[in-house]
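Kindly generate the complete structure, drawing on both the sequences and the hints.
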Amino acid sequence: MIEIDFSQEQSNALHYLSDQTTQRVLYGGQAGGGKSFLISMWQISQRINYPETRGYIGRELLKNLKNSIAITLFDCLKQLNIPYNYNDQKSHIDFPNGSRIVFLDLFEYPSDPDWESLGSTEYTDGAIEEGGNVSKRAADLLLTRTRYKHHVYGLKPKQLITCNPADSWIKHEIIVPYYEQRLDQRTKYIPATLKSNPNKEFAKLYMQTLESMSDPYDRARLLNGDWFAMPKTGGEFYRSFKTELNTTTAVYDPSQPIHITFDFNVVPYITANVFQVSGKNAIQIDEFCLSDPQNNTPALCKAIFYKYGNHNSGCFIYGDPAGRQRDTRSTKGHNDFDIIFQELKPLKPINRVESSAPSVVMRGNFINNIFSGMMENVSIKIGKNCEKTINDYNFVKMDADGTKLKQRIRDKNGVSFEKYGHTSDANDYFICSIYKNEFESFMRGNDPISYNIGRRTLNRKY
3 MIEIDFSQEQ SNALHYLSDQ TTQRVLYGGQ AGGGKSFLIS MWQISQRINY
53 PETRGYIGRE LLKNLKNSIA ITLFDCLKQL NIPYNYNDQK SHIDFPNGSR
103 IVFLDLFEYP SDPDWESLGS TEYTDGAIEE GGNVSKRAAD LLLTRTRYKH
153 HVYGLKPKQL ITCNPADSWI KHEIIVPYYE QRLDQRTKYI PATLKSNPNK
203 EFAKLYMQTL ESMSDPYDRA RLLNGDWFAM PKTGGEFYRS FKTELNTTTA
253 VYDPSQPIHI TFDFNVVPYI TANVFQVSGK NAIQIDEFCL SDPQNNTPAL
303 CKAIFYKYGN HNSGCFIYGD PAGRQRDTRS TKGHNDFDII FQELKPLKPI
353 NRVESSAPSV VMRGNFINNI FSGMMENVSI KIGKNCEKTI NDYNFVKMDA
403 DGTKLKQRIR DKNGVSFEKY GHTSDANDYF ICSIYKNEFE SFMRGNDPIS
453 YNIGRRTLNR KY
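Heads up: the sequence shown begins at 3 in the working numbering, then just goes up one per residue.
These are calculated hints, taken from the structure and not from any lab test.
Treat the hints with caution; some may be incorrect.
Stated by the list, open to error - As a list, the in silico DSSO-like pairs of lysine-lysine whose alpha-carbon atoms are at most 30 Å apart:
{"id": "1", "residue 1": "Lys173", "residue 2": "Lys421"}
{"id": "2", "residue 1": "Lys80", "residue 2": "Lys244"}
{"id": "3", "residue 1": "Lys350", "residue 2": "Lys386"}
{"id": "4", "residue 1": "Lys282", "residue 2": "Lys438"}
{"id": "5", "residue 1": "Lys304", "residue 2": "Lys421"}
{"id": "6", "residue 1": "Lys206", "residue 2": "Lys390"}
{"id": "7", "residue 1": "Lys282", "residue 2": "Lys65"}
{"id": "8", "residue 1": "Lys244", "residue 2": "Lys386"}
{"id": "9", "residue 1": "Lys383", "residue 2": "Lys347"}
{"id": "10", "residue 1": "Lys350", "residue 2": "Lys383"}
Structural data, given as structure tokens:
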């Protein structure tokens, strides 16, 4: 008997791969989630437990498969001390009990539109690595051929697909239906993160690699497991924001005041961001984005107080002026800010909520100027730990009227919501307030800006 450590996510996937109803399991999300290990251990277990059965592992290109998951598979076989015979020319592994694992090339060759290359071979079960690069038709054809020896062992067709987020058929056929709660019950999705990898030392080192990525799209996909991130193609609202220039390693300074700014949308989360300011330099040190069932103002304040309850150097409150309105989200007779000042009372918060929200177009132009370095002695940095905020700045698009384009998707409960824009909205209120003089001067069009050109300084007005 060999004991093997699996994460909860891997255990969930293995459960669905052994039930009587699920046919296809998608396991994916953040990079480093233990995808190759899951495929390897599942296939080894199937072949050892069911003699004379046949499984497959496929990938878009066979050579890539042999350089990736095959290495993990052989490592697992060695650690488990399981005998096998590998035929590299025919790309399969044979076991003493008559079982076999076949490596498949799933590239969609134009000369083979009907996938004759797959032949008429039947399989007991199988897995596809990097499934987003494999056509849906190939995956579906393999699933129809998954019936070998099922009558002998009472098995059902099973296909495990692993991948990282990308704009592929998997996103449109599995992920979107999953969030809209209309996914076929025969298909299951298991979100995976680095925490899903039982090798904690690997996860720690790999996290450092992911955090070093500068491309915002890859950071969103691979670091955050964000299926709805899209490459920056132009038309971004915060066009001057650059991850490599406008983010920093944020360090909380207990001797300096904290500035907390709120946005009260509740789906997909309610938001509060925390800043600290030195002179004209503001750094976002934290973000609180609480989803259901904690997406309410009291719970948000409790989360903030749990972390910053011992802060005694001053606290300032900013946010959406609409939070002053009394609505059904708040205790009867009170508004969001009433609750905030009551819950955070030990911090002795000072109210800096403006009477009205600043113009979306003007505040966007103002903040873009700050991000680009055009505002003399004024800077905004976003802590690298504030990933949802960074995603907002990278992916919020501009609408035709110059405002933010709030693109909507549906969650797993069928509720329509705006994917991006909440954390940046919260920051807009803070930035336009803390730099109120500069913002008002910017709107009047007479704020002098210094452009550094070599050793000279060129001053001009708008």
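A quick look at each hint next to the structure:
| no. | hint | verdict |
| --- | --- | --- |
| 1 | Lys173 - Lys421 | holds (15 Å) |
| 2 | Lys80 - Lys244 | violated (46 Å) |
| 3 | Lys350 - Lys386 | holds (28 Å) |
| 4 | Lys282 - Lys438 | holds (11 Å) |
| 5 | Lys304 - Lys421 | holds (24 Å) |
| 6 | Lys206 - Lys390 | holds (21 Å) |
| 7 | Lys282 - Lys65 | violated (54 Å) |
| 8 | Lys244 - Lys386 | holds (12 Å) |
| 9 | Lys383 - Lys347 | holds (28 Å) |
| 10 | Lys350 - Lys383 | holds (26 Å) |
Going through the hint list in order, the structure does not satisfy hints 2 and 7.
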